[in-house]
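Chains as they are written, first to last, in numbering that gives the first Met the number 0: chain W, 0 to 342; chain Z, 0 to 342; chain Y, 0 to 342; chain P, 0 to 342.
Calculated from the structure, these hints are not laboratory results. Yeah, the Cβ is synthetic: ideal placement off N, Cα and C, and Gly gets one too. Keep in mind that a hint or two might mislead.
[Said to hold, decoys possible] Ranges between beta-carbon positions, derived for each pair:
{"id": "1", "chain 1": "Z", "residue 1": "Ala187", "chain 2": "Y", "residue 2": "Asp167", "range": "24 to 32 angstroms"}
{"id": "2", "chain 1": "P", "residue 1": "Lys103", "chain 2": "Y", "residue 2": "Thr188", "range": "48 to 56 angstroms"}
{"id": "3", "chain 1": "Z", "residue 1": "Gln85", "chain 2": "W", "residue 2": "Tyr202", "range": "35 to 43 angstroms"}
{"id": "4", "chain 1": "Y", "residue 1": "Ala139", "chain 2": "P", "residue 2": "Glu37", "range": "32 to 40 angstroms"}
{"id": "5", "chain 1": "Y", "residue 1": "Arg138", "chain 2": "W", "residue 2": "Gly113", "range": "39 to 47 angstroms"}
{"id": "6", "chain 1": "W", "residue 1": "Ala336", "chain 2": "Z", "residue 2": "Thr81", "range": "33 to 41 angstroms"}
{"id": "7", "chain 1": "Y", "residue 1": "Ala257", "chain 2": "Z", "residue 2": "Arg63", "range": "29 to 37 angstroms"}
{"id": "8", "chain 1": "Z", "residue 1": "Glu25", "chain 2": "Y", "residue 2": "Gly226", "range": "35 to 43 angstroms"}
{"id": "9", "chain 1": "P", "residue 1": "Gln297", "chain 2": "W", "residue 2": "Gln327", "range": "49 to 57 angstroms"}
{"id": "10", "chain 1": "P", "residue 1": "Glu266", "chain 2": "W", "residue 2": "Gly113", "range": "50 to 58 angstroms"}
{"id": "11", "chain 1": "W", "residue 1": "Tyr202", "chain 2": "Y", "residue 2": "Asn330", "range": "29 to 37 angstroms"}
[Said to hold, decoys possible] Anything over 10 angstroms on all C-beta distances counts as not near chain W; from chain Y, calculated:
{"id": "12", "residue": "Glu109"}
{"id": "13", "residue": "Ile114"}
{"id": "14", "residue": "Asp169"}
{"id": "15", "residue": "Ser180"}
{"id": "16", "residue": "Thr188"}
{"id": "17", "residue": "Thr190"}
{"id": "18", "residue": "Cys193"}
{"id": "19", "residue": "Ser196"}
{"id": "20", "residue": "Arg208"}
[As the list claims (entries may be wrong)] Mimicking BS3-like on lysine-lysine, the simulated pairs with C-alpha atoms at most 30 angstroms apart in a straight line are:
{"id": "21", "chain 1": "W", "residue 1": "Lys103", "chain 2": "W", "residue 2": "Lys185"}
{"id": "22", "chain 1": "P", "residue 1": "Lys103", "chain 2": "P", "residue 2": "Lys185"}
{"id": "23", "chain 1": "Z", "residue 1": "Lys103", "chain 2": "Z", "residue 2": "Lys185"}
{"id": "24", "chain 1": "Y", "residue 1": "Lys185", "chain 2": "Y", "residue 2": "Lys103"}
{"id": "25", "chain 1": "Y", "residue 1": "Lys185", "chain 2": "W", "residue 2": "Lys185"}
{"id": "26", "chain 1": "Z", "residue 1": "Lys185", "chain 2": "P", "residue 2": "Lys103"}
There are 4 protein chains.
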Amino acid sequence: MIRAGIVGGTGYTGVELLRLLAGHPEVSLDVITSRSEEGREVADLFPNLRGHVDLRFSQPEIGRLCECETVFFATPNGTAMTMVPQLISAGVRVIDLAADFRLKDPETWEQWYGIPHACPDYLDQAVYGLPETNRDAIRAAQLIANPGCYPTAVQLGFLPLVEAQVVDMDGLIADAKSGVSGAGRKAATGTLLCEASENFNAYAVPGHRHLPEIRQGLELAATRPVGLTFVPHLTPMIRGIHATLYARLSDPDRDLQALYEARYSNEYFVDILPAGSHPETRSVRGSNHCRIAVHQPQPGGVAVVLSVIDNLVKGAAGQAVQNMNIMQGFNESLGLADIALIP
Amino acid sequence: MIRAGIVGGTGYTGVELLRLLAGHPEVSLDVITSRSEEGREVADLFPNLRGHVDLRFSQPEIGRLCECETVFFATPNGTAMTMVPQLISAGVRVIDLAADFRLKDPETWEQWYGIPHACPDYLDQAVYGLPETNRDAIRAAQLIANPGCYPTAVQLGFLPLVEAQVVDMDGLIADAKSGVSGAGRKAATGTLLCEASENFNAYAVPGHRHLPEIRQGLELAATRPVGLTFVPHLTPMIRGIHATLYARLSDPDRDLQALYEARYSNEYFVDILPAGSHPETRSVRGSNHCRIAVHQPQPGGVAVVLSVIDNLVKGAAGQAVQNMNIMQGFNESLGLADIALIP
Amino acid sequence: MIRAGIVGGTGYTGVELLRLLAGHPEVSLDVITSRSEEGREVADLFPNLRGHVDLRFSQPEIGRLCECETVFFATPNGTAMTMVPQLISAGVRVIDLAADFRLKDPETWEQWYGIPHACPDYLDQAVYGLPETNRDAIRAAQLIANPGCYPTAVQLGFLPLVEAQVVDMDGLIADAKSGVSGAGRKAATGTLLCEASENFNAYAVPGHRHLPEIRQGLELAATRPVGLTFVPHLTPMIRGIHATLYARLSDPDRDLQALYEARYSNEYFVDILPAGSHPETRSVRGSNHCRIAVHQPQPGGVAVVLSVIDNLVKGAAGQAVQNMNIMQGFNESLGLADIALIP
Amino acid sequence: MIRAGIVGGTGYTGVELLRLLAGHPEVSLDVITSRSEEGREVADLFPNLRGHVDLRFSQPEIGRLCECETVFFATPNGTAMTMVPQLISAGVRVIDLAADFRLKDPETWEQWYGIPHACPDYLDQAVYGLPETNRDAIRAAQLIANPGCYPTAVQLGFLPLVEAQVVDMDGLIADAKSGVSGAGRKAATGTLLCEASENFNAYAVPGHRHLPEIRQGLELAATRPVGLTFVPHLTPMIRGIHATLYARLSDPDRDLQALYEARYSNEYFVDILPAGSHPETRSVRGSNHCRIAVHQPQPGGVAVVLSVIDNLVKGAAGQAVQNMNIMQGFNESLGLADIALIP
């Protein structure tokens, strides 16, 4: 039984962490912080937690957080980096669900996030928490940069092609669609029901912060530069990401289905669907699975990969718990057994 | 570990039973039948169950079902009653999620369901499976009539008022709103996304089959006849029932909040919210809880009760598992620990 | 051709007014104000208006507004009352879509709206703009208090019963359900897609501002005090109100269908459906109609009235245009010919 | 004033035609057929049409249809081709909203639609009804093949690039997302609200019937073969198509914004948004416009085109009315002035 804390518990990744940790048999949730909701019962803000979580939100205090074995940051970008050095010094394990430690190059980070990095010296020791590529490093890590939601769906979808070097690496295309919860719980006109339902649109086509994160991961896998066009879209639903990936095959005779099944044969949370399938986002709603199908519509030509996750689970809180399980030596799927809700 | 079977596993109550039983630590799911999907893998029809359920749909055969300790019927009305006598004779416990055994009077049943009852002799021994009123009888029962979704939400909401006899029993009003999953998974124009989303309407105002079921339950609690107007509505979402209940108070000074808290103080699955609350259906999405708030907007006057459930869980499959737990002597909440998904 | 202005054009009633007035053959839209969006092209904020509206938002200036024949206020409550006296003096006709002039009693207004009324002397001359009860007064009015959305649906539904005095006037119940656009376009957590979709809840059960407005209207029609319980709910869709109304019949033999058809036989925008019908909110989406069905589920007993409108049209902007048409002597349905979008 | 008929009026393109034609000042709607709903009032099936359409559905009879000047087919694929020869002989103008006359090659048609073509001799005289490429031919045509919904959005988006030959024509990618109304009004499990809402998935990745239609159009424009990967997706909303198009630029210095604005400068129904825009499907909900934005996210590289339509209007019934207007010499936008509903 380990003691865990959550910094910034009022957003959607925060409440999802609460849901998962409240049911985790090896975790005692000790602290959950929020500046704006200090003193309020967590279950008053999120009534689904009535009877499951007895905590109140408290001010973030380094002292109390240092009593935890693991601290999760479910804060906006730029917050974790101001507190991480102290927690690391105190021996606490940290899992940051925001972007502060995802990019290895502090200049690239500053360019995309608009502020200087507060502790660039920690970028090297931060481990990118995608277990399917980094499990051993995660096991030994003290600081985890939990991947973004789009980067999780897109990288898991592209990895087999990129690692096997069977596609034209200069012209990868990722057309990704996200449910609205990806935009968070803050009040904003654009994500009101009346603006975002019965509507579909692309956004950030000139450049989205997840582009350098995805490219960094794919380039590591490819061991060479990668040309990527990434277009995110907002789709009128709460949870789910569907990434549709396109790559020109350099080896058109390769059996893609076998390639994908082999790559993920030991990955509990990556499910390669039978040939000809079309994964539905709802098949992973509330679950930590990524489901993938790979197609080759015309002879030779283009590989089309369909990759779905729940952005709040495998794309955020679930993957964070998976990383914690690995770091702590627990069974990797502990506390992550939920079956997706259909319908 | 008991062996369980499901007859009629392709509808929404069927897949919800599968989800709950697949995670139940004391149940081995042995049989799931479907005439139309015979031979097909369950996880092919419901991909959320991939990795959790290995069964294939099979033809319903009494012989195989008799090897189960408990058989659930998730069939259309009128099916269970043709098979129940054989199963009962074989000592199998039966939980019928349809309406076949809910009404005590076979003539009333025939009037509302349009066909003669196939085994009226079994109506007496059937126990109405609302644990909050019938726990002892359920424990001893072999045949459970699992309550309807509206009847669960409406009865749990009205019971404290009716049992305490503090309202005008001749003019009860239940204005109920249901998500579309209440209409089932069969192909039908009226429940297409393009017909039922961005839309709201009442239906069956002249008379709905759940009216006699609710009235029967309330009259038992009141030990007198009850006048009830019940108007169901379809609301554009998948899961959830919200019952708004109105009753004229005959004792306007009664502390309704205390009355409700006392009535349900020992009921794990009924949660009385603090005074002034408005329960949200999403606070019980995927969970077996019923959350209730009670209001008295004007001095004296009218009690307004707000009662929410997930129609597929407390209103169907979850309550069925709760009943099975009681019958088997398991902890009543075993396998029902899921926290509602928010958002 | 009259010149019209809109004060406060960035909310949902504002953009709906723009949509309707842009297509109105007798209106030239001259001014649209917004403090926050000053200088921005209207069609940039609302791209559906590209090619239809060339205006930019401007600061509200009394001088420019006084050049209009009719000025609409689509502002928050409490704004119109600070500008109306000047406009009235200048001979401008004013239609206020907010609540500033709806209640005749300034003390009741202050009690429900929380601030003193800025120009209580104008409450008497303000005409409540429900054409189906007040057409002659509207024709002669200079200042119109455009009714609220719930009050429109509820009053139109109750009026025939109340005017004919065939129900128990002490126990009226209005259970109303609104789409989320009723909450407006301002950024707020509670109306985010991720909070309000896949969810249903009541709100303001202890008391909603539309309660005194509805009661005032019904008491005028009844020429006596009225006891009303009003419970509003939020339903997960953009547009539409469905009011389900309950009243105990004092004359159970009255032919309610005939009563309703007679009452509204000359009302173009009130459509009494055939007996046994259940109106759908989508049947009026984007249209200025109110559709009503009346039921009497049990012999004697209770009348159940179902009344649907589009809250942004007959419940706001459409009714405002209808009032303008009456005031100007235009055909009452001019510019209001749109057929509801189905699907 | 011309007399018009609709064959097959019970589907979504049928009711949308009804909505548009009921408000068209130069059309008298004389006949609407349906085998299944014969004798039923149209406004009973579609209550939005109450007060606007007085017709009843009738059996399709060639005699009555021949009295019309224009007959629209809103039937399933394969129906129009059995009746068109007789209507053409009688001098009736025919606009087929289904696919019967869209492909020029009868063998390709048979391959994709699974049955032999009933009147291949008419394929040559059929004019593909995309006014933005074929206006002159449409003006002179007697038989119009109204384009499919995806083909309209994708072709209008690609045409400027393809006609100007500034992209690699062998690797075009069209990632398209459609609202559920594209699947029609027939009862089907897959498009139930409970299956299709809160969900997103691709379908028909191995091959969709609109692929050959799009390719035919693009090859005509390019005057050479074209390599196209087309992936359709279902998005949880009623109306709208968003096509996201990718093409490698062969001339990276070309000013794409200027190219698009020039190409469509005279097209009333094609709206090129300012540089940097992201069109929303709701901005065309209920309207006949196509809105397009063109991006070039990285230097050189890839053009990303975003093209939105309402699949039932510009993608079906609205384009059919536009074609009728052209054929009859009416103003092209007559009866098509509706402004999209926002919100």
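How the hints compare with the structure:
no.: 1; hint: Z/Ala187 to Y/Asp167: 24 to 32 angstroms; result: violated, 39 angstroms
no.: 2; hint: P/Lys103 to Y/Thr188: 48 to 56 angstroms; result: holds, 55 angstroms
no.: 3; hint: Z/Gln85 to W/Tyr202: 35 to 43 angstroms; result: violated, 60 angstroms
no.: 4; hint: Y/Ala139 to P/Glu37: 32 to 40 angstroms; result: violated, 51 angstroms
no.: 5; hint: Y/Arg138 to W/Gly113: 39 to 47 angstroms; result: violated, 58 angstroms
no.: 6; hint: W/Ala336 to Z/Thr81: 33 to 41 angstroms; result: holds, 37 angstroms
no.: 7; hint: Y/Ala257 to Z/Arg63: 29 to 37 angstroms; result: violated, 60 angstroms
no.: 8; hint: Z/Glu25 to Y/Gly226: 35 to 43 angstroms; result: violated, 53 angstroms
no.: 9; hint: P/Gln297 to W/Gln327: 49 to 57 angstroms; result: violated, 42 angstroms
no.: 10; hint: P/Glu266 to W/Gly113: 50 to 58 angstroms; result: violated, 39 angstroms
no.: 11; hint: W/Tyr202 to Y/Asn330: 29 to 37 angstroms; result: violated, 43 angstroms
no.: 12; hint: Glu109; result: holds, 28 angstroms
no.: 13; hint: Ile114; result: holds, 24 angstroms
no.: 14; hint: Asp169; result: holds, 35 angstroms
no.: 15; hint: Ser180; result: violated, 5 angstroms
no.: 16; hint: Thr188; result: violated, 5 angstroms
no.: 17; hint: Thr190; result: violated, 5 angstroms
no.: 18; hint: Cys193; result: violated, 5 angstroms
no.: 19; hint: Ser196; result: violated, 6 angstroms
no.: 20; hint: Arg208; result: holds, 20 angstroms
no.: 21; hint: W/Lys103 to W/Lys185; result: holds, 28 angstroms
no.: 22; hint: P/Lys103 to P/Lys185; result: holds, 28 angstroms
no.: 23; hint: Z/Lys103 to Z/Lys185; result: holds, 28 angstroms
no.: 24; hint: Y/Lys185 to Y/Lys103; result: holds, 28 angstroms
no.: 25; hint: Y/Lys185 to W/Lys185; result: holds, 13 angstroms
no.: 26; hint: Z/Lys185 to P/Lys103; result: violated, 39 angstroms
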